[in-house]
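Which chain is which? The protein sequence lines are A and B, in order.
Numbering-wise, my numbering puts 85 at position 85 of the first sequence, and it's gapless, one number per residue.
Just remember that my numbering sits 1000 ahead of the position in the second sequence, which is counted from 1.
Take these hints with a grain of salt, some might be off.
[Stated by the list, open to error] Residues of chain B placed beyond 12 Å of chain A at every Cβ, according to the derived structure: (1) L1054; (2) Y1082; (3) R1096; (4) Y1102; (5) P1109; (6) S1112; (7) P1115; (8) L1117; (9) K1277; (10) I1283.
[Stated by the list, open to error] Just the calculated beta-carbon pair ranges, DEER-fashion: (11) I1254(B) to T96(A): 24 to 32 Å; (12) M1259(B) to V19(A): 21 to 29 Å; (13) T62(A) to R1137(B): 44 to 52 Å; (14) T62(A) to T1027(B): 53 to 61 Å; (15) I1254(B) to V7(A): 33 to 41 Å; (16) I1254(B) to H21(A): 37 to 45 Å; (17) A1053(B) to T62(A): 48 to 56 Å; (18) I27(A) to I1192(B): 45 to 53 Å; (19) A25(A) to I1062(B): 40 to 48 Å; (20) I1254(B) to R6(A): 30 to 38 Å; (21) A1135(B) to I76(A): 26 to 34 Å.
Calculated from the structure, these hints are not laboratory results.
C-beta: ideal position from N, C-alpha, C; glycine also.
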Amino acid sequence: MLRVLRVIALIPRNAVVAVLHVYRAVISPLYGDVCRYYPSCSAYGLRSVQEHGVLKGAWLTTRRLARCHPWAEGGIDDVPLPAHSPYRRTRFGFITLERKA
Amino acid sequence: MDIIGGILWPIKWVIEAILVGFHSLLTMAGMESAAGITWVLSICGLVVVVRAALIPVFVRQIKSQRKMLEISPELKKIQDKYKGKKDQFSREAMSRDTMALYKKHGTNPLSSCLPLLLQMPIFFGLFSVLNDAYADRPGVGLLDARLSAEFGSAELFGIAPLGSSIASSEGNVAVIIIAVILVILMTGSQFITQLQIMSKNQSPEMKASPMYRQQRIMLYLLPLVFVFSGFAFPIGVMFYWFTSNIWTMVQQFIVIRNMPTPGSEAAQAREARLARKRQRKGIPDPDDEAPGTVAVEEPKKPQRQQPVSKQRAKKKKS
Chain A
1 MLRVLRVIAL IPRNAVVAVL HVYRAVISPL YGDVCRYYPS CSAYGLRSVQ
51 EHGVLKGAWL TTRRLARCHP WAEGGIDDVP LPAHSPYRRT RFGFITLERK
101 A
Chain B
1001 MDIIGGILWP IKWVIEAILV GFHSLLTMAG MESAAGITWV LSICGLVVVV
1051 RAALIPVFVR QIKSQRKMLE ISPELKKIQD KYKGKKDQFS REAMSRDTMA
1101 LYKKHGTNPL SSCLPLLLQM PIFFGLFSVL NDAYADRPGV GLLDARLSAE
1151 FGSAELFGIA PLGSSIASSE GNVAVIIIAV ILVILMTGSQ FITQLQIMSK
1201 NQSPEMKASP MYRQQRIMLY LLPLVFVFSG FAFPIGVMFY WFTSNIWTMV
1251 QQFIVIRNMP TPGSEAAQAR EARLARKRQR KGIPDPDDEA PGTVAVEEPK
1301 KPQRQQPVSK QRAKKKKS
């Protein structure tokens, strides 16, 4: 029962992941590589939503977008990862629960 | 007020202020207030203001592209390291290494998405202002009811209202023809600009990179986007876009001609041009000095000294 609830709680996160996937496949290529950071802002957004959920992910992404401007130094800027994640990424980047041991 | 309207409000206010500013300047200069040409020129004024504001970003980008030449040997090393590795992990590792290299040298050829993000709200703001004007609604700021009505019904070439689009033309042939022409012009100007940059102003290293291939695909994809989007946009917005493209084209032309990327085709063309000019005026090339001077500065050794082992050197002495 608890497991079902936890899967339901992951729905918004996975919905946003799907939207970001579509954005990265369709809209991102339209203007090519422009980001001064690695990973690019949209990759950062995707990863932060995967790892931290919609709210914290959105916050992290907003801060990153604010950091990314023509006068920024750029460089490598990874998403801060939680030490232990109860979730697992599937091949397509969606988030599911860790398999039962 | 909905969220998008709230975000657009200040942008619309600024756009209206610029438009009305140019419009009153033009009417002061003796142009007719309600004439289409006055409003069309006001849109050109908006383009000039927006693009002039983006010049510093552009200059910065060119400067860092110059710096790329200094790090190109190291860039080549990275490219060789991942040569032929097409899997995702190698690709990502390569981007990571490249980015670390940029950071190490304090340069970055990429401009971030800010220039794009900055232009998009202006574009949608103008779209919204024009739609309001076409629907006889007053603007949010300086564009009052009278000016808004004038703006909405102002006509490009005296036949197509700025606020109308193919979608809202209701079979007005003039609108459709002008919209189609604008789409073609927009696509053409974008295509030429991109082609100019790609074929003439890129170094051989750049042309070998995967980024270049991606740009090539883009080159043929973007015109398609224009064709589709062209149907829904009012003529005034398309005119703005077209004028903005012309600005980009001219800016790009000047840059490619006068400060080409070192090592690119355009740079070689510039060298040849400068050499011809010197020849015409009879000025000696500053790069190669007179033959005599080189010999004086570096007296050539007649023959290379053969290395001699310690033992043989001893033998010779004795």
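Okay, the hints, checked on the actual structure:
With a closest Cβ-Cβ approach of about 10 Å to chain A, L1054(B) is found to fall inside the 12 Å limit, against its non-interface label. For Y1082(B), the requirement that its beta carbon stay farther than 12 Å from each beta carbon of chain A is met, with the minimum near 14 Å. Remark: the non-interface label on R1096(B) conflicts with the geometry, its nearest Cβ contact in chain A lying 5 Å away (cut-off 12 Å). Distance check for Y1102(B) against chain A: the nearest CB is about 6 Å away, which does not clear 12 Å, and the non-interface claim fails.
Not every C-beta of chain A lies more than 12 Å from that of P1109(B), the closest at about 9 Å, which undercuts listing it as non-interface. Not every beta carbon of chain A lies more than 12 Å from that of S1112(B), the smallest distance being close to 5 Å; the non-interface claim is violated. Interface exclusion of P1115(B) from chain A breaks down, the closest Cβ pair being 7 Å apart, not more than 12 Å. Separation of L1117(B) from chain A is inadequate, the least Cβ-Cβ distance of about 8 Å not exceeding the 12 Å criterion.
For K1277(B), the shortest C-beta to C-beta distance to chain A comes to about 35 Å, beyond the 12 Å cut-off, and the non-interface label holds. Every beta carbon of chain A lies more than 12 Å from that of I1283(B), the smallest distance being close to 39 Å; the non-interface claim holds. Separated by about 54 Å at the C-beta atoms, I1254(B) and T96(A) break the suggested range of 24 to 32 Å. As the Cβ distance of M1259(B) to V19(A) is approximately 41 Å, the hint placing it in 21 to 29 Å is violated.
A hinted range of 44 to 52 Å is violated for the C-beta pair T62(A) and R1137(B), which are about 32 Å apart. Range check, T62(A) to T1027(B): about 43 Å between beta-carbon atoms, so the 53 to 61 Å window is missed. A C-beta distance of roughly 58 Å is found between I1254(B) and V7(A), which places it outside the suggested range of 33 to 41 Å. Look at I1254(B) against H21(A): about 40 Å separates their beta carbons, and that is inside 37 to 45 Å.
Roughly 24 Å separates the CB atoms of A1053(B) and T62(A), a value that falls outside the hinted 48 to 56 Å. Roughly 24 Å separates the CB atoms of I27(A) and I1192(B), a value that falls outside the hinted 45 to 53 Å. Judged by the Cβ atoms, the range 40 to 48 Å given for A25(A) and I1062(B) is violated: they are separated by roughly 31 Å. For I1254(B) and R6(A), the Cβ-Cβ distance of about 59 Å falls outside the hinted range of 30 to 38 Å, so the restraint is violated.
Distance hint check for A1135(B) and I76(A): the Cβ-Cβ separation is about 49 Å, which falls outside the suggested range of 26 to 34 Å.
Going through the hint list in order, the structure does not satisfy hints 1, 3, 4, 5, 6, 7, 8, 11, 12, 13, 14, 15, 17, 18, 19, 20 and 21.
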